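Student: Now for the letters of each chain:
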Amino acid sequence: MLDPERAEHKLVIEGLRKAFGPLPVLDGVDFDVAPGEFVALVGPSGCGKSTLFDVVAGLEPPDAGRVLVDGADATGRVDPFAYMPQRDLLFPWRTVLDNTTLGLEVAGMPRKAARARAGELFEPFGLAGFERARPAELSGGMRQRAALLRTVVQDRAVLLLDEPFGALDALTRIDMQLWLEGVRAGFGWTVLLITHDIREAVFLADRVLVLGPRPTSVRHEVVVDLPRPRGVAMITQPRFAELEARVLEQVSRGRADAPEPARDSEH
Amino acid sequence: MKAVAGRLRRLVPALVLVAVGLLGWQWYVTASGVRPQVLPSPLRVLTEGWAFRAQIWANTLPTLQVTAVGFAVSLAVGWAIAVAVDFSPWLRRALTPLLVASQTLPIIAIAPLLIIWFGFGLLPKVVVIALVTFFPIAVGLIEGFARTDRQATNLLRSMGASRWEQFRYVRLPGAMPSFFTALRIGITYAVTGAIFAEYVGASAGLGIFMNLQKNSFRTDLVLAAVLVTALISITLYGLTFLVQRLVAPWSRRA
Chain A
1 MLDPERAEHK LVIEGLRKAF GPLPVLDGVD FDVAPGEFVA LVGPSGCGKS
51 TLFDVVAGLE PPDAGRVLVD GADATGRVDP FAYMPQRDLL FPWRTVLDNT
101 TLGLEVAGMP RKAARARAGE LFEPFGLAGF ERARPAELSG GMRQRAALLR
151 TVVQDRAVLL LDEPFGALDA LTRIDMQLWL EGVRAGFGWT VLLITHDIRE
201 AVFLADRVLV LGPRPTSVRH EVVVDLPRPR GVAMITQPRF AELEARVLEQ
251 VSRGRADAPE PARDSEH
Chain B
1 MKAVAGRLRR LVPALVLVAV GLLGWQWYVT ASGVRPQVLP SPLRVLTEGW
51 AFRAQIWANT LPTLQVTAVG FAVSLAVGWA IAVAVDFSPW LRRALTPLLV
101 ASQTLPIIAI APLLIIWFGF GLLPKVVVIA LVTFFPIAVG LIEGFARTDR
151 QATNLLRSMG ASRWEQFRYV RLPGAMPSFF TALRIGITYA VTGAIFAEYV
201 GASAGLGIFM NLQKNSFRTD LVLAAVLVTA LISITLYGLT FLVQRLVAPW
251 SRRA
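For the protein sequence lines, the chains are A and B, in the order given.
With our numbering, the residue at position 150 of the first sequence is 150, and numbering never jumps.
With our numbering, the residue at position 108 of the second sequence is 108, and numbering never jumps.
Among these hints, one or two may not hold up.
[Unchecked claim] Estimated spans, in silico, between C-beta atoms of each pair: (1) A/Ala72 x B/Pro249: 42 to 50 Å; (2) B/Leu11 x A/Ala19: 18 to 26 Å; (3) A/Gly182 x B/Gln103: 55 to 63 Å; (4) B/Ala109 x A/Phe20: 44 to 52 Å; (5) A/Pro110 x B/Ala84: 41 to 49 Å; (6) A/Gly76 x B/Asp149: 48 to 56 Å; (7) B/Leu15 x A/Arg132: 36 to 44 Å; (8) B/Gln65 x A/Gly21: 40 to 48 Å; (9) B/Arg147 x A/Gly21: 44 to 52 Å; (10) B/Ala68 x A/Ala72: 57 to 65 Å; (11) A/Arg132 x B/Gly24: 37 to 45 Å.
If you're looking for bench data, these hints aren't it; they were derived computationally from the structure.
Computed from a predicted model, the values in this text were never measured in an experiment.
Built from N, CA and C at the ideal position, the CB exists for glycine as well.
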């Protein structure tokens with residue numbers, strides 16, 4: 001079922017609602033993402049960001065609402081999305097290369113072809129020479145890059161990144177953000193990113209969507225009109241600070257409106 | 001080479017303790033003049049055991065055979081139950097109480113009955129070994145499968161993995177550490193189980209050998225057979241590490 005009005009969007013989220021028993025978590029979430037666009041979702045902790053991802057990724061059925069990809073209904077389907085969970089979840093029983101081919105193998109690609117395909121990305125992902133290493137031999141940043149490689153190599157329509165750098169130390173995190181900004185330009189991925197880090201959201205995204213406290217919905221949108229490619233110098237520019245302040249203000253306002261303090265139940 | 005030397009050095013405390021114990025025992029037997037029927041000295045156990053080595057060896061082979069067959073059956077049953085339980089919540093609810101109940105069976109009372117039912121052959125002993133060892137294996141595997149990270153399951157689901165693929169790619173390899181822990185517990189029970197089953201009634205085996213020697217007050221030969229049993233257990237226990245190294249080298253903990 002094609003919806004011509006929505007066809008210019010890669011991803012359309014339409015009125016998603018979800019409750020766990022008596023606890024409403026998603027209260028009509030609406031937004032859309034253009035092809036090749038990078039959209040960041042920020043919100044107070046415990047607001048239901050991870051639930052939103054689970055529903056969009058087709059892992060949890062919504063109570064109401066639809067997910068459209070390229071204009072077609074994709075509610076409850078997993079195949080348009082490549083999902084990167086918070087932890088890298090590289091499996092110790094596989095080499096780094098075989099971890100990155102997992103999604104391709106599950107999709108039925110012969111192991112040899114899968115290895116060749118993933119192997120091509122080791123260079124741009126800064127993992128060359130570590131194909132046969134075990135995940136435990138990698139640094140935190142390398143593990144995260146391997147997890148991202150495993151995600152993008154599946155060649156799905158939309159990347160869903162759930163706080164991919166949340167577990168890294170501050171310096172490694174900045175390195176990773178710079179690296180992602182650089183590598184993304186060449187690939188043209190459509191990305192939906194969940195993050196707690198407002199600076200990360202502004203630095204990486206074309207648009208930042210601010211979610212309200214639980215039960216959550218999109219409260220505000222900040223368009224990041226900074227030129228690309230972005231570098232470290234960008235962070236100190238007045239426009240960057242201004243955008244960061246606006247997002248922060250919207251996140252804080254959402255919290256002030258909250259009927260009760262948001263509980264952190266996501267982790 | 002260095003690793004081997006390091007491992008041997010870690011055995012030193014245990015060896016020292018054993019040596020001190022044996023020396024004390026030897027000294028006590030010599031000093032007190034206790035009769036060998038009551039308590040033979042360790043030296044006598046060794047020399048008499050060596051003198052009867054042909055007989056002990058002839059009884060060791062059946063015990064090893066029973067242990068191997070019984071433990072193989074136990075592994076097959078344990079795996080079958082654990083995999084079935086992992087795939088079916090209904091079976092999990094149905095089987096869990098039965099698994100626990102199987103462990104409340106007083107083997108000491110059941111074993112003679114098994115001989116009445118199945119005779120003096122291999123079968124009753126295999127049943128005893130399987131009964132005492134399948135439980136730790138099944139439980140270890142069930143818990144190993146169930147310990148799979150929810151996010152890892154979600155990751156596999158997002159890739160479009162079926163339940164079987166989730167099992168094959170994540171649940172099964174993820175359960176290896178707890179399987180090998182269970183295997184070590186099971187294999188030490190297996191030898192004791194075999195001895196016990198033979199003790200109750202057998203035509204050959206270390207268990208029946210001990211029983212006969214006890215009845216003729218050859219305490220030294222009973223202890224010699226105990227020593228052989230211990231050596232078998234330790235060897236099998238050590239073998240599990242070797243198997244783990246071959247099958248799941250990544251699961252070894254430092």
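Student: Confirm or reject each hint.
Tutor: Results for each hint:
{"no.": "1", "hint": "A/Ala72 x B/Pro249: 42 to 50 Å", "result": "46 Å, holds"}
{"no.": "2", "hint": "B/Leu11 x A/Ala19: 18 to 26 Å", "result": "60 Å, violated"}
{"no.": "3", "hint": "A/Gly182 x B/Gln103: 55 to 63 Å", "result": "60 Å, holds"}
{"no.": "4", "hint": "B/Ala109 x A/Phe20: 44 to 52 Å", "result": "50 Å, holds"}
{"no.": "5", "hint": "A/Pro110 x B/Ala84: 41 to 49 Å", "result": "31 Å, violated"}
{"no.": "6", "hint": "A/Gly76 x B/Asp149: 48 to 56 Å", "result": "23 Å, violated"}
{"no.": "7", "hint": "B/Leu15 x A/Arg132: 36 to 44 Å", "result": "40 Å, holds"}
{"no.": "8", "hint": "B/Gln65 x A/Gly21: 40 to 48 Å", "result": "57 Å, violated"}
{"no.": "9", "hint": "B/Arg147 x A/Gly21: 44 to 52 Å", "result": "26 Å, violated"}
{"no.": "10", "hint": "B/Ala68 x A/Ala72: 57 to 65 Å", "result": "59 Å, holds"}
{"no.": "11", "hint": "A/Arg132 x B/Gly24: 37 to 45 Å", "result": "54 Å, violated"}
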